[in-house]
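> Now for the letters of each chain:
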Amino acid sequence: MPIRVGLACVAAYLVAAVLAAAVGGRRVAPVLIYGAMTAVSAVGLGSALFALVTGDLKTQLALPLGLPLSGGSVRIDALSAFFLLVVNLGGVAASVYGLGYGRHERSPLRVLPYIPAYLAGMNLVLMADDAFTFLVAWEFMSLASWALVLADHRREENARAAYIYIVMASAGTLCLLLTFGLLAGPDGGYAFAAMRETVEPPLIAGLVFLLALAGAGSKAGLAPLHIWLPLAHPAAPSHVSALMSGVMTKVAIYGFIRIVFDLVNAPASWMSLIVVALGGITAVLGVLYALLQQDIKRLLAYSTVENVGIVFVGLGLALAFRAHDMSVPAALALTAALLHVLNHSFFKSLLFFGAGAVVHASGERDMERLGGLIHRMPHTAVVFLIGCAAISALPPLNGFVSEWMTFQAILVGPQLPHWGLKLIVPAVGALLALATAFAAACFVKLFGMIFLGRARTPAARTAHDADGFSLAAMYGLAALCFLSGIVPGILIDVLAPVAQTLVGARVPEQSGVAWLSVVPIAASRSSYNGLVIFSFLICSGVLTAMVIHRYATRATRRSAFWDCGYPDPSLATQYSGSSFVMPIRRVFGTALFDIRETVDMPPPGARRPARFSLKIFDPAWRFAYGPATRAVWTIAGKLNRLQFLTIRRYLTLVFAALIVLLIVVAAWR
Amino acid sequence: MAIIYELAAQGMQMILVLAVAPFILGVTRRFKARLLRRIGPPLLQPYRDIWKLMHKEAVMAHGASWLYRSTPYLLFASTWVAAALIPTYSTGLLFSWSADLIAIVALLATGRFALALAGMDVGTAFGGIGSSREMLIASLAEPAMLLVVLTVSLVAGTTQLSAIAEHMIHGSVGLRVSLGLVLFAFVFVAIAENARIPIDNPATHLELTMVHEAMVLEYSGRHLAMIEAAAALKLTLYFSLLVCLFFPFGIATGDKSIVAFAIGLGFYLSKITLLAVLLPIGETAVAKMRVFRYPIFLGGAFATAALAVFLLFVSQGF
Numbered sequence: 010m011p012i013r014v015g016l017a018c019v020a021a022y023l024v025a026a027v028l029a030a031a032v033g034g035r036r037v038a039p040v041l042i043y044g045a046m047t048a049v050s051a052v053g054l055g056s057a058l059f060a061l062v063t064g065d066l067k068t069q070l071a072l073p074l075g076l077p078l079s080g081g082s083v084r085i086d087a088l089s090a091f092f093l094l095v096v097n098l099g100g101v102a103a104s105v106y107g108l109g110y111g112r113h114e115r116s117p118l119r120v121l122p123y124i125p126a127y128l129a130g131m132n133l134v135l136m137a138d139d140a141f142t143f144l145v146a147w148e149f150m151s152l153a154s155w156a157l158v159l160a161d162h163r164r165e166e167n168a169r170a171a172y173i174y175i176v177m178a179s180a181g182t183l184c185l186l187l188t189f190g191l192l193a194g195p196d197g198g199y200a201f202a203a204m205r206e207t208v209e210p211p212l213i214a215g216l217v218f219l220l221a222l223a224g225a226g227s228k229a230g231l232a233p234l235h236i237w238l239p240l241a242h243p244a245a246p247s248h249v250s251a252l253m254s255g256v257m258t259k260v261a262i263y264g265f266i267r268i269v270f271d272l273v274n275a276p277a278s279w280m281s282l283i284v285v286a287l288g289g290i291t292a293v294l295g296v297l298y299a300l301l302q303q304d305i306k307r308l309l310a311y312s313t314v315e316n317v318g319i320v321f322v323g324l325g326l327a328l329a330f331r332a333h334d335m336s337v338p339a340a341l342a343l344t345a346a347l348l349h350v351l352n353h354s355f356f357k358s359l360l361f362f363g364a365g366a367v368v369h370a371s372g373e374r375d376m377e378r379l380g381g382l383i384h385r386m387p388h389t390a391v392v393f394l395i396g397c398a399a400i401s402a403l404p405p406l407n408g409f410v411s412e413w414m415t416f417q418a419i420l421v422g423p424q425l426p427h428w429g430l431k432l433i434v435p436a437v438g439a440l441l442a443l444a445t446a447f448a449a450a451c452f453v454k455l456f457g458m459i460f461l462g463r464a465r466t467p468a469a470r471t472a473h474d475a476d477g478f479s480l481a482a483m484y485g486l487a488a489l490c491f492l493s494g495i496v497p498g499i500l501i502d503v504l505a506p507v508a509q510t511l512v513g514a515r516v517p518e519q520s521g522v523a524w525l526s527v528v529p530i531a532a533s534r535s536s537y538n539g540l541v542i543f544s545f546l547i548c549s550g551v552l553t554a555m556v557i558h559r560y561a562t563r564a565t566r567r568s569a570f571w572d573c574g575y576p577d578p579s580l581a582t583q584y585s586g587s588s589f590v591m592p593i594r595r596v597f598g599t600a601l602f603d604i605r606e607t608v609d610m611p612p613p614g615a616r617r618p619a620r621f622s623l624k625i626f627d628p629a630w631r632f633a634y635g636p637a638t639r640a641v642w643t644i645a646g647k648l649n650r651l652q653f654l655t656i657r658r659y660l661t662l663v664f665a666a667l668i669v670l671l672i673v674v675a676a677w678r
Numbered sequence: 019m020a021i022i023y024e025l026a027a028q029g030m031q032m033i034l035v036l037a038v039a040p041f042i043l044g045v046t047r048r049f050k051a052r053l054l055r056r057i058g059p060p061l062l063q064p065y066r067d068i069w070k071l072m073h074k075e076a077v078m079a080h081g082a083s084w085l086y087r088s089t090p091y092l093l094f095a096s097t098w099v100a101a102a103l104i105p106t107y108s109t110g111l112l113f114s115w116s117a118d119l120i121a122i123v124a125l126l127a128t129g130r131f132a133l134a135l136a137g138m139d140v141g142t143a144f145g146g147i148g149s150s151r152e153m154l155i156a157s158l159a160e161p162a163m164l165l166v167v168l169t170v171s172l173v174a175g176t177t178q179l180s181a182i183a184e185h186m187i188h189g190s191v192g193l194r195v196s197l198g199l200v201l202f203a204f205v206f207v208a209i210a211e212n213a214r215i216p217i218d219n220p221a222t223h224l225e226l227t228m229v230h231e232a233m234v235l236e237y238s239g240r241h242l243a244m245i246e247a248a249a250a251l252k253l254t255l256y257f258s259l260l261v262c263l264f265f266p267f268g269i270a271t272g273d274k275s276i277v278a279f280a281i282g283l284g285f286y287l288s289k290i291t292l293l294a295v296l297l298p299i300g301e302t303a304v305a306k307m308r309v310f311r312y313p314i315f316l317g318g319a320f321a322t323a324a325l326a327v328f329l330l331f332v333s334q335g336f
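Sequence order for the protein chains is U and Z.
Position in the first sequence counted from 1, then plus 9, gives you our numbering.
Position in the second sequence counted from 1, then plus 18, gives you our numbering.
Keep in mind the hints are simulated off the structure, nothing from the lab.
Quick reminder that beta carbons are idealized off the backbone N, C-alpha and C, glycines included.
Please note: incorrect hints may appear among the correct ones.
[Said to hold, decoys possible] Dumping the calculated DMTMM-like pairs for lysine to aspartate or glutamate here, alpha-carbon to alpha-carbon at most 25 Å:
(1) K624(U) with D304(U)
(2) K74(Z) with D572(U)
(3) K306(Z) with E231(Z)
(4) K624(U) with E166(U)
(5) K306(Z) with D572(U)
(6) K70(Z) with D572(U)
(7) K50(Z) with E231(Z)
(8) K274(Z) with E24(Z)
(9) K624(U) with E373(U)
[Claimed, not checked] Which stretches of chain Z does chain U cover? Using the computed rule of at least three CB atoms under 8 Å from a CB of chain U, they are:
(10) 105-117
(11) 124-130
(12) 138-147
(13) 170-182
(14) 320-330
Model the full assembly from the supplied sequences, consistent with the hints where possible.
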């Protein structure tokens, strides 16, 4: 049943895309298209949830399309049902948000047709049951999102972002193509069922793993393949940014899980070592980059890189435990990773929606030119604060639960027999703690700069709150952040079949635990109860406030701020975002990013203003992409000569190519 | 009946930490003054301060938002709840399972997050400098604290505080190199988190190096009372944590009678009072650090804790 509904959803999205292309210019188009998308993704969400809860799964369906010999087929199992849930939930939220936000779009024809197509692509990736369908859907998703990145194509930086994105996306797809080629083997078994059955030799399995890590990792934003992400995600309209950051990175993670956990049959310790280490490095690097940003949306995009790192730490741990036949800890680590996938899709969509509301209201993406919006945009401020607290892993919200579970999995690490893992796992634990602390600093800065303090520009002084639809989408996501923080046990139980199919075990049943606590291993080992913590916090806080107001005093007086006796009304005396992160930048960033600070102070008496400039070098660009780009340029320059040959030489070249190919074929046989 | 008794025991602990916290602060202040050859304030002065502040009118800047007004209560509540979940006189109280060691550390982070935001709310230079430095200290201290948690839970096999305390008493733990090292790291982290010398000076204003006081500079009246109470609670919390993790002897385990509770209470109070005396001795021996020397201090804590973890990985016997 769910598979037919899923296919119907894909078809409906495609129809909506065509319809949008036809009527996109009309006034009613945004309402019509976003309304249709809301309905379709709500149906998709319902069917995914139904499939996951009732276990009505494993239904395969052959498609009338596909490769001549193997054909195409689709299937939904627990893993794809869970990711369908994530995608369609993001779809519902983005569509509802779009009902309000999308009306202000200046050129709707550049946005409207691609969003349903994009959602169709992502849905189809998750349902694909053979390599051909998977890759076609994957490319569909990439191209649709590329078009969305180019929506505002007149800005030069967007064009550059789209160019880098398409290059990286093509490279990633190439890696996946080779992955599936290796998995299919010489007989060309491109159906996933055939790949599951073949047992690859260790060398092939290793190659498949590395290629899948590069292909899916580049889409997810794993360092050092993340460079396109902070350029491309912010360039799109905000609800599309939310889809790209909150949802598309999850589809990439799905691709990685599908290949490495499901299709490859020989997990080895060294694979998990690479994943865990890369995850930890990605988490810390991503959030350090995020800290240094001034652009709201780019900061959020870098923070996506961090969260992808956290998910990959969980996945790597799950691989490690599975490689050593420790299936219960593997289930714990996998559940933690998947829970973080879900949680991140909640709060990252929420934060991008909030950023969109702020950018629309003020016309500013630079947080140094905002401030004081808590007074002008009270509703957006509340939901944005919830999102910031959730992503900073603060109890009792949801980000904490998944990170806490990841830490619990790390604490099982010493039981691993492999020496490399034994040393890497606690180090990654420390990296994760560092990333969490940085994330808190980063989001204090973000919220503080946008919403607190005094308005730094007239644009910030005249901002207004978002419309009803946008606020409804944001409040809905904030409620989900909150609910999944205080009663995470329900979600953990929903994830049980996924872990069961992939690692052969599950986290203990949570629904029977008293007081709705979370007990990932055993009650004597660790437990957490968000509901109790939340009620305690509310009761003690509210009670204290009431007692003080009742029995002490509630007298309040407003006056000018004190600032230790030297109040300066100038707006420039406020702390700026770059000064806020200066200590952290100095301590952690100087060596890593080769930061150069130069102060140009005019001599006494000179009239020119003093200048401060800051240069940050990205090590990924400097050591990997810079040399690679230069090499491509050099080779292209050399090959350029081939354009100006005579006809005889061209014929010689063709003939030589033929001979070489014949020799290769002869040697192969 | 049993559930009422257990609820009462848990409630007792909640009231106990709240009641004792200003006294502990009073002891440190008094003893520090004596070490500096001053007479010092009476032991009960912190109670009087909080009482006085509570009854004063709160003066707020014109631009202060609801966040500014509610933060003191959130900070107080989160610190209080965290302090009340650490076993003091007995292990295994009714709600002891609702947060483990990691969750308690994270609850303190919630309070810090709110306070750092409140510091930026009015839009002053001092508030921003305080928030900025507080987040720097947090990002240095949290990894060290997590390695301490990792070590302790590796030794005890659990992150539940009650279970750790019971393991330290009944299990054959003995003297461990790793525990000694993390005790050292824990003390460093506790000093930084409580804004004590050499990281921060709780007794000053108008110093360019101050951190916590700069952040709460704009607060007055009942709001300031809440923040002061939360600071006192946090000091007590770290003392209780140190006692519970490393020196839990005397705590009531299993036996839930009034007598056992009373003995546990006696031990607990004398231990934390002793710590309140030891803290100023350390503080008077060193000078306040420059901001950019914090990484050396807290990096030392991190390195020590990391050494402990790696020793444990080499052999569980360390």
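> What hints, given by number in increasing order, does this structure fail?
none
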